[in-house]
Amino acid sequence: MNKTVGEIAAMVGGTVSGDASVHITGVNGIDEAGPGDLCFIRSTQYLPQLAQSNASAVLIQEAPHDITMSAILVPKPDLAFGMVLKHCETLQLQHPQGIHARAAIHPDASVGEAVAIGACAVIEAGARLGDGAIIYGGAYIGRDVHIGAGTIVYPNVTIREETEIGSNCVIHAGAAIASDGFGYVPMDGAWMKIPQVGRVVIGDDVEIGTNTAIDRATFGITRIGRGTKIDNLVQVGHNVHIGEDCALAGMVGIAGSAELKDRVRVGASAGIKGHLCIGEGATVAARGGVVKSVEPGAVVSGFPAMDHREERRVMVAQRRVPELIRRIKALERELEAVKEQLK
Amino acid sequence: MNKTVGEIAAMVGGTVSGDASVHITGVNGIDEAGPGDLCFIRSTQYLPQLAQSNASAVLIQEAPHDITMSAILVPKPDLAFGMVLKHCETLQLQHPQGIHARAAIHPDASVGEAVAIGACAVIEAGARLGDGAIIYGGAYIGRDVHIGAGTIVYPNVTIREETEIGSNCVIHAGAAIASDGFGYVPMDGAWMKIPQVGRVVIGDDVEIGTNTAIDRATFGITRIGRGTKIDNLVQVGHNVHIGEDCALAGMVGIAGSAELKDRVRVGASAGIKGHLCIGEGATVAARGGVVKSVEPGAVVSGFPAMDHREERRVMVAQRRVPELIRRIKALERELEAVKEQLK
Amino acid sequence: MNKTVGEIAAMVGGTVSGDASVHITGVNGIDEAGPGDLCFIRSTQYLPQLAQSNASAVLIQEAPHDITMSAILVPKPDLAFGMVLKHCETLQLQHPQGIHARAAIHPDASVGEAVAIGACAVIEAGARLGDGAIIYGGAYIGRDVHIGAGTIVYPNVTIREETEIGSNCVIHAGAAIASDGFGYVPMDGAWMKIPQVGRVVIGDDVEIGTNTAIDRATFGITRIGRGTKIDNLVQVGHNVHIGEDCALAGMVGIAGSAELKDRVRVGASAGIKGHLCIGEGATVAARGGVVKSVEPGAVVSGFPAMDHREERRVMVAQRRVPELIRRIKALERELEAVKEQLK
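Residue numbers (this note's numbering), protein chains in the order written: chain X, 36 to 378; chain E, 36 to 378; chain P, 36 to 378.
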């Protein structure tokens, strides 16, 4: 993107406060934004964050008196921001169009209107691709898989048999959906495989990162709810149920049969033990290792994960242990002297 | 699966104790089993676990008097469980059959009886596929790779040149076998690559998870022993030797030249430093970071990993450090008062 | 490799000290070398390491009087070692040659001299492959991607649109370059996607491991500098800038917009928070979690990462907490007795 603040204001029907000639080259969240970026705030509650932001301009209802960046005043900053995002998308590379002669599409697959399928993509029998779905070259869509309208599947993705994926999802390169879960019972020192004959069901508007693995259920369903976003190299075990609008950062691991309610956030490299429940709106900090269920709205961190404030307190205290050892030694010495004196 | 306890008893030649009309929809291990699942116990040693299980029915030699779930009495519960598993497998999706016209098979490759090869799979020169092997669409089998009879290779798997894989293995989508190990020597501030010209040899009945990486040896062999099961997103470095019937959970990392003897278990996200030896039957707990060799049969946890009971003791004590700081302060204050009094 | 020490000495123009008949089967760094391996040391500074090495022979300027292994004396051991490496490379498997009839190459792609492209590789419009580039079967090269001369792209790699990759790079199986970064803003409880319309630019002589993910920038560029080596299953977030000659071990995670200056080393499974700067030549130990910027040359470890020596000190002290609890209890008891006595 390369537009002035004035041009963007015209696009969203707003008025400029400050320098309208500032060049905007990108958009981003208030914390991530850097020079050249436009951000937005929904309410005055975010003014302290705005003061810390490196953004060059902000979409806002009313400009605070001490603002240093350019502001575009609009009644609904979030909607205006959405308009700018839509504009940015149109800048993005064209997706492939049409069906490549080298795609391998089974005659019993069903392909909707305006679907794109790249070279060397494989579509197995019984697969159904919704209108406008985009299957990149080298992707594999297994038997009886349903892909919703407008969903994008990038190269070298594997979606195994009987998976259902909603509309407007994005599955990034190398992700593998519905591989067998890791289930065995020990027998005479060896491992006997539990057949993994369940499925994966993914709601609308879900994004799944590169080389992420979502295992099929043993029996039943592994489920990812509408609107949930999953980053790269994440492991979601068999029979996990993830709610709506959750966010899982990179390298997170969710063990089998765990349940994440709606709007749960999990930081990078955190892990959640099997069979636990993470309550609605709860947050697991980066690198946290959760070994018991978490209450709705709670924020936990550390390993084993506990209340985040408590964990910080323990963490800070632990750094003082070398000092405590010295103080205990001094106490022992002095007490000895006192006892000597009392004899 | 959807059968009554009575129907399953008939199938395995057992007798029912309790309600024979209970519907069974799945099978699982005693701890993982939920409502609708059938589990088994081999001996009375597992009765306490059975009392905690959520299974709906159990295969067992003799029903305990206080059992609340339905029981199917058989002389050998593990064999009967195996029969039920076999039945479940037949429910599972059909694998592809035959050789797809769009598979790219080098004329110098050798393909056994009843092999299936999917569309856009690539089989290079000198590759040998054993009878009944199943190579899914999009998989890559490199030069001079041998794949044993009955082994399944899922889509987008890469098996590079000269690898040997045994019979009845399962290699899940996106796994990469025999990529170069990570070996360099520093020279004048840059990294000089050590050629990685060894191989990978994998025994029979091995399962390798989605997007897992097993690197080829620098020289010599990276080896995975018969019956070992490896979960998703695991890293096995060059020249690692893993014994038989081991189990590695998701996101485990094994650095170069480490050795795991038979029946080692490694929990999720644990890591093992290079050149160490993990003794037979040892267990590394989830998230453990092993920095020295582990004795046979030992259970270690934490980072740096130590004896699990010791680690728990230290962990619990560490939480008390904020309290200890207060107690030390109190002691110092009181000792000062005592000293004052003694003057 | 299978040569005697004498044969290698002849190859590099050196003279043998010790047994010239010793068989050499491999080469490696001084610490990693085992029996049968040849290593090298550049200066006498490494003599203590050499004394610990399991190598069978060493390239060295002058043999120390107490050396037990065979030595090949040469004026420049590093250059001689490079000659031996070159010889080893010629032992390595032949890469595929020529362009396979089943490769899917867009007519608007440009292919240099002596390029190899395997079966079912996909080369999109506008892609440019430099002379001698090798694209294995099943790899995906997106629209307008530039691949430098001599670069090797292994099977099932995905390189998305507009990426630039330098000369003599190696991209291992399953790696995914230029997938969308993980960028959203919360809006009314849901996640609104920030378009990820930047690119990835990778310098010469870079190696990228199996199933590693390098995300494209939100706007602008995610950059990997010349000579940097990245191991398997690593996550590099959007807008990260990595300098030259860095080394990132397996399973490392680098969050968005972090900067690593030249010659930074990051140990296995370490993580670096977004927007931080890791100074030139700094080292992050394995499993470290970096939450604030690191000075040039510093060595940090632990989570949150701190100076490595300090972290070791704290770690060792923490193990003594159970003992400290006992000592504090004893102090309290004895002080109580003293106070009793003083009454």
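Some hints here could point you the wrong way.
The list treats identical chains as one, so a pair stands whether inside a single copy or across any two.
[Unchecked claim] Under the rule of at most 25 angstroms between Cα atoms (straight-line distance), these lysine-lysine pairs were calculated in the BS3-like manner:
#	residue 1	residue 2
1	Lys38	Lys374
2	Lys121	Lys111
3	Lys327	Lys374
4	Lys296	Lys228
5	Lys121	Lys38
6	Lys111	Lys296
7	Lys228	Lys374
8	Lys378	Lys364
9	Lys327	Lys296
10	Lys111	Lys327
11	Lys374	Lys111
12	Lys121	Lys378
13	Lys111	Lys364
14	Lys228	Lys121
15	Lys228	Lys38
16	Lys364	Lys374
17	Lys378	Lys228
18	Lys38	Lys111
19	Lys121	Lys327
20	Lys111	Lys228
21	Lys364	Lys296
22	Lys228	Lys364
Simulated from the structure, these hints should not be mistaken for laboratory data. Treat the numbers as computed from the prediction; the structure is a model and nothing was measured.
Results for each hint:
no., hint, verdict
1, Lys38 <-> Lys374, "neither (80 angstroms within a copy, 75 angstroms between copies)"
2, Lys121 <-> Lys111, "within (16 angstroms within a copy, 60 angstroms between copies)"
3, Lys327 <-> Lys374, "neither (48 angstroms within a copy, 44 angstroms between copies)"
4, Lys296 <-> Lys228, "between (30 angstroms within a copy, 21 angstroms between copies)"
5, Lys121 <-> Lys38, "within (14 angstroms within a copy, 52 angstroms between copies)"
6, Lys111 <-> Lys296, "neither (30 angstroms within a copy, 41 angstroms between copies)"
7, Lys228 <-> Lys374, "neither (68 angstroms within a copy, 67 angstroms between copies)"
8, Lys378 <-> Lys364, "both (21 angstroms within a copy, 22 angstroms between copies)"
9, Lys327 <-> Lys296, "within (15 angstroms within a copy, 32 angstroms between copies)"
10, Lys111 <-> Lys327, "neither (41 angstroms within a copy, 36 angstroms between copies)"
11, Lys374 <-> Lys111, "neither (75 angstroms within a copy, 69 angstroms between copies)"
12, Lys121 <-> Lys378, "neither (86 angstroms within a copy, 81 angstroms between copies)"
13, Lys111 <-> Lys364, "neither (64 angstroms within a copy, 55 angstroms between copies)"
14, Lys228 <-> Lys121, "between (48 angstroms within a copy, 10 angstroms between copies)"
15, Lys228 <-> Lys38, "between (59 angstroms within a copy, 20 angstroms between copies)"
16, Lys364 <-> Lys374, "both (15 angstroms within a copy, 17 angstroms between copies)"
17, Lys378 <-> Lys228, "neither (73 angstroms within a copy, 73 angstroms between copies)"
18, Lys38 <-> Lys111, "within (21 angstroms within a copy, 57 angstroms between copies)"
19, Lys121 <-> Lys327, "neither (41 angstroms within a copy, 35 angstroms between copies)"
20, Lys111 <-> Lys228, "between (55 angstroms within a copy, 18 angstroms between copies)"
21, Lys364 <-> Lys296, "neither (50 angstroms within a copy, 44 angstroms between copies)"
22, Lys228 <-> Lys364, "neither (56 angstroms within a copy, 52 angstroms between copies)"
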